[in-house]
Structures are given as C-alpha cells and as structure tokens.
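These protein sequences, in sequence, are chains A and B. All letters in the first sequence, in the order written, are residues 0 to 313 by numbering that gives the first Met the number 0. All letters in the second sequence, in the order written, are residues 0 to 313 by numbering that gives the first Met the number 0.
Incorrect hints may appear among the rest.
If chains are identical, the list can't say which one is meant, so a pair holds when it fits in one copy or spans any two.
Only pairs whose alpha carbons sit at most 27 Å apart, straight line, appear in this in silico BS3-like list of lysine-lysine [said to hold, decoys possible]:
#1 Lys10 with Lys131
#2 Lys215 with Lys114
#3 Lys131 with Lys75
#4 Lys114 with Lys81
#5 Lys81 with Lys10
#6 Lys309 with Lys81
#7 Lys75 with Lys215
#8 Lys75 with Lys220
To be clear, the hints were calculated from the coordinates, so they are not data collected in a lab.
Number of protein chains: 2
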Amino acid sequence: MVVQCDYVLEKQLSHFGWSRDNAPQITIEPGETVEFRITDTGGGEITQDSTADDISSMNFERFMPLTGPIAVDGAKASDALKITFLGFRPAGWGWSMISHMYGILPDQFPDPFLKIWNYDPSGQSPIDYEGKAHFPMRPFPGVIGLARDCEETLSCLPPHTSGGNLDVRDLTEGTELYLPVEVDGGLLSLGDTHVAQGHGELAGTALESPVDVSVKVELVKDANLAAPQFTTPGRPNSHVDEVGYFVTCGISSDLREGARQSTSQMIDLLTRLHSLSAIDAYLLCSLCGDLVINEMVNTPVNVVSLYFPKSVFE
Amino acid sequence: MVVQCDYVLEKQLSHFGWSRDNAPQITIEPGETVEFRITDTGGGEITQDSTADDISSMNFERFMPLTGPIAVDGAKASDALKITFLGFRPAGWGWSMISHMYGILPDQFPDPFLKIWNYDPSGQSPIDYEGKAHFPMRPFPGVIGLARDCEETLSCLPPHTSGGNLDVRDLTEGTELYLPVEVDGGLLSLGDTHVAQGHGELAGTALESPVDVSVKVELVKDANLAAPQFTTPGRPNSHVDEVGYFVTCGISSDLREGARQSTSQMIDLLTRLHSLSAIDAYLLCSLCGDLVINEMVNTPVNVVSLYFPKSVFE
C-alpha cells in the first residue's frame, strides 16, 4: 500500500527525457515524502483491449512518459539523493510485449506478441498466467533518475550514471537507493513501473503496469558517487526462491552470447517440463528468471546462467 | 560430511586436461556413488607457509590437477550424466591469490597477493577474515566435467559445453547437475574445490581448498542437452542473504565493463564503510559478492550490479 505523503504528483503523459532545463513540478525539503502516480510505460497506447495486431500502429514516441521532475532544496552537484521506497499501489492490470525490437532473442521470436494481464492489486493472490504458471506481485519503478548536467535532452531508454531506465527489480519496498546529483535540485523523475520482472528483463518487457509509488527523499551532502547504489532490507529473492531453481548454463567468450544460450536452453527445458509454448516460456523467463554471471575469469570463456524459480509451477 | 560411497578415488597430481583418450580409473554402474578426493587447485605449489613472494617461482603448469576420470557403464553420446552432490569433507586450510594474471581489475591490482586461510572444517563456525569480516563455509567443485569428443587434449582453464571449469558456486549439497555426454562412458573428472565464492569469482580465485566430494552418478538416456544444467533444492543464497545486500550498479554498453564498474564502486563503498584496504575489499568481493545482470535490453546500455551481503560484517 502507498502511505500518506507530503505531496502527490499526478500522472503525466508529456514528460519525456532527461534535461537540466525541465522545470520542477514541486520543490521539497530533504526528508519529505512524495507519492508519484505513474502510468504504465505504454503511455496510453496500450489498453486492456489491445491485441498484438495493434502493435504496428502504436506511436512509440509516446512510450515511457515520466512523472516529475521534483527538486530537492539544497541539492548540488556531488551530493546524492537517498530515496527510500515506502509503498506501492498497483492498478490491477498490465501488459507484456514481445517484439523483434526488444529482447535478447529477436532472431528466435520475430513475431509481435501482446499479453494483457489482470491481477489482484493487493498482492494477496499470486499473479496467474492462464493456469500455466503463477508468481507473486512485486512492484517497482523501472525508471528512476535525476537530470544530467549536459545541454541535450537525453532519451529515457538508456540508463545513465544518475539513474534512469535501470530496470533493477529490487528497487522495492524498504530498499534505499542513492542517486548522484549533477544539477541543482537533482530533478528526480520516475516512470515505467513493473509488478514482476527477473534480473535481465531479457525479453524486453516486464509485467508493465500503472503503479503509484510513495518515496521518502533525503539529501546526502558530498556523497561523490560514480553511479547508483542501493541497499536491500532483507532477502531479495524470498518471494520466489524457497523451493529452489532450474538453472541453465551459457558458455561463451561473450557474456551477451552466454545469456542468449542460457535463455534458449531454459526455453527448451520449460517447454519440455511444463507443456508451455516457446513464447510462453520466453515471456516467463523475462518476468521470473534471473541472469547471473557465474564466472568471468576463466579466460577466455565465461559462464552466464539463467536461474528460473521452481515455485512458478508449484 | 562425506557419506560412505561405493568407490573412493584418491587425490591425483598428474591428470590435467580433457581428453577422450584418458583411461578411466574405474568404471561404475549408473546409480553408484563415488568419493572424489581432491587437492586444491595449487596442485602442491602452495602450502600453508607460502607468501606472495613465492608466486613468481611457482610452476603454474602444475595448477588445476583433476581427480578422475571415471566411466559410467552404458553412457553414450547424447546421454547426460546426472550428478547429485551428497557431501563434502573440506581440509580446514586454503588460500586465495590476487595477481595481474587473473581477475577483472588487473589494472587496479597489479601486485601479487596471497592469503592463507585456516577455518573450521565442520562449517559450524564461520570463516573469519582477520577479524574484519566473516562468512559461512559452502564447499563445491569449481571444475566438474566430461571429456569432449575431439582429438586434442583441452586445457582445464576454460569451461566447455560438457562442463569443466564452470565455477558455479551453487554446485553444493543437494544440487543435481546434468552434464552432456560426448564420448563412451562420459569420463567424469572433478577438481579445483572451493569453500567460498560469489557469482563471478571476480578477482580470479575463490577460497581454494582441498575438499573430498561425494556424489551419486546416474545416467539419463537421450537427454540431448546443449550444455550443463542443474536444479537447486532450495534457496541458494540463504547462507548469506538474511539481512540483505549492499549493491553497486555498473552502467555500460559492455557487460564486462559494467561488471568492472560495479566492482570498483563496491571496493570504494566497503573501504569507506568498514575500514578495509582496497585489496581486502577486492578479495571479499570475489568470495562473497554476486554479479547480476539487471537489464540487457535498454539498448545500447546495460546494467550489471554487484550484490554484496551485509551479513559479512554483522
């Protein structure tokens, strides 16, 4: 649940990109709390009635709108904003897309695929995938970041050293995130909320969903961070790991190719064990599977594995 | 503890490399159990009296000796061996090395460093790092693999699609590993035992230690696996994750560079928080830190994070 905050920022559909010239919606004192109301990353282009046939006519320039920015009084370059995630209010519906434009296996999955989800926004019931699989709700913002100190407006798609499209699935309740400030006030914006995603977001989308996010924002003077860092309050995998994992190993001199191999092999494994279609398995790998680097020192060959939680089928 | 096995293979110091022409030490029936007694990967070149000054005169051609191979009756190409880890008997001493020859930050750590460890082989007491940090014992074989069907003898250093130097730290008690068979009998060997390592083994060595490993070996006909896969019986991180993690984010178009960034930033963080030297922090990252791919789809920029368990300092 979201908590009562000092400020509420309504959804926005017209704030795209990172710029030091974006005027803040509000300026807060360090230690105050803000509820960011956030649309899904489709920015209105995808509704609960959309199908895969609609993808080709969507306006992707409207994707990934942000809510914000907010300024923090006294924040200067070389400080950090400390953001504590207090609570989440998910909308109860969402979507996932597979397309040749995204994901690490576009060669194997060239055709557009759209899945519309409905789920219990309280999180008390697991999210069901058509009776084939289930997993817990775990909301977080895929995008959270500050403006960078440069003339151009930066795209929302790639992350940067002050945050942005990090897609770190552990930025959830209780986590404390530190983002390096480059411009006066910091200029914090959030977007691209997800309610389920594994490490890697390997098919290119998560379970994308509108979510309101409550945060406390503090100021750490002279933090001098090179990039985002965070602390988790406990076991980050406890929502899925109790009965263990299936794991497939990718073995390659190239980490990206290792990730592709381990994903292909997991798709093979899941389709054999659980009578899923290949695209079902690919999507579930993006939502529930974790890409891990087992070793990157046995020159010149690395091992990248995909850990898929068994609980999804139990 | 190791369990009573049908066969015991003593330590060997002269079996290096993967070859279909290596004669098996024994041939077992599917379902039988074997205790592999394994020297540390130093192969006798490192003793409890060694120091960093000795590294330059070590004979690295004697490193990474294997114990084996064993043949499994009836194993043919396209089958898999299923290996269940039954138990471990660690020696109570070990070593870790940092050298410009290994690790992902040789530019920052060019000087040789050798740490000799003594620890409780029962695992009941945590392993202590000079009063600065502690972590639980969790033994596994860094090398476990089968011979490949090729003319040449393959080096032990790089892993391959039938296993080898995988350095997967979850090949521990209760895990079930499947390795693709390429030659008659499979020709299974083990080596390079570790008692602590994080995902990545990023400084190039783990806590290297002699360990006896008991396994059950079964045969899965016509498994047709492309590479190793395994299942874990429960939470693979439960030995360290109860109080959460410090996490640093590496942000780069190159996954390897992202891993280097997140490691450098974790070294900065640990030296500030816990008064460690940089080389202490680098070594602890190799033994306890986990490299994770958070996203590899926000083209062209990826996020690779290093998760370091807080429990190491509590």
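Here is what the structure says about each hint:
Proximity of Lys10 and Lys131 under a CA criterion of 27 Å is satisfied in neither setting, with 34 Å inside one chain copy and 48 Å between copies. Taking CA atoms no more than 27 Å apart as the test, Lys215 paired with Lys114 passes in neither setting, with 33 Å inside one copy and 43 Å between copies. Taking the shortest alpha-carbon separations for Lys131 and Lys75, neither the intra-copy value of 50 Å nor the inter-copy value of 35 Å comes in at or below 27 Å. Taking identical chains as interchangeable, the C-alpha atoms of Lys114 and Lys81 are never at most 27 Å apart, the minima being 35 Å within one chain and 37 Å between chains.
When the C-alpha separation of Lys81 and Lys10 is checked against a cutoff of 27 Å, the pair qualifies only within one copy, where the shortest distance is 23 Å, while the shortest distance between copies is 53 Å. In this assembly of identical chains, the alpha carbons of Lys309 and Lys81 lie at most 27 Å apart only when taken from different copies (19 Å versus 35 Å within one copy). In this assembly of identical chains, Lys75 and Lys215 lie within 27 Å of each other by CA distance solely inside one copy; the values are 18 Å within and 61 Å between copies. Taking the shortest Cα distances, Lys75 and Lys220 sit within 27 Å of each other inside one copy (8 Å), while across copies they are farther apart (64 Å).
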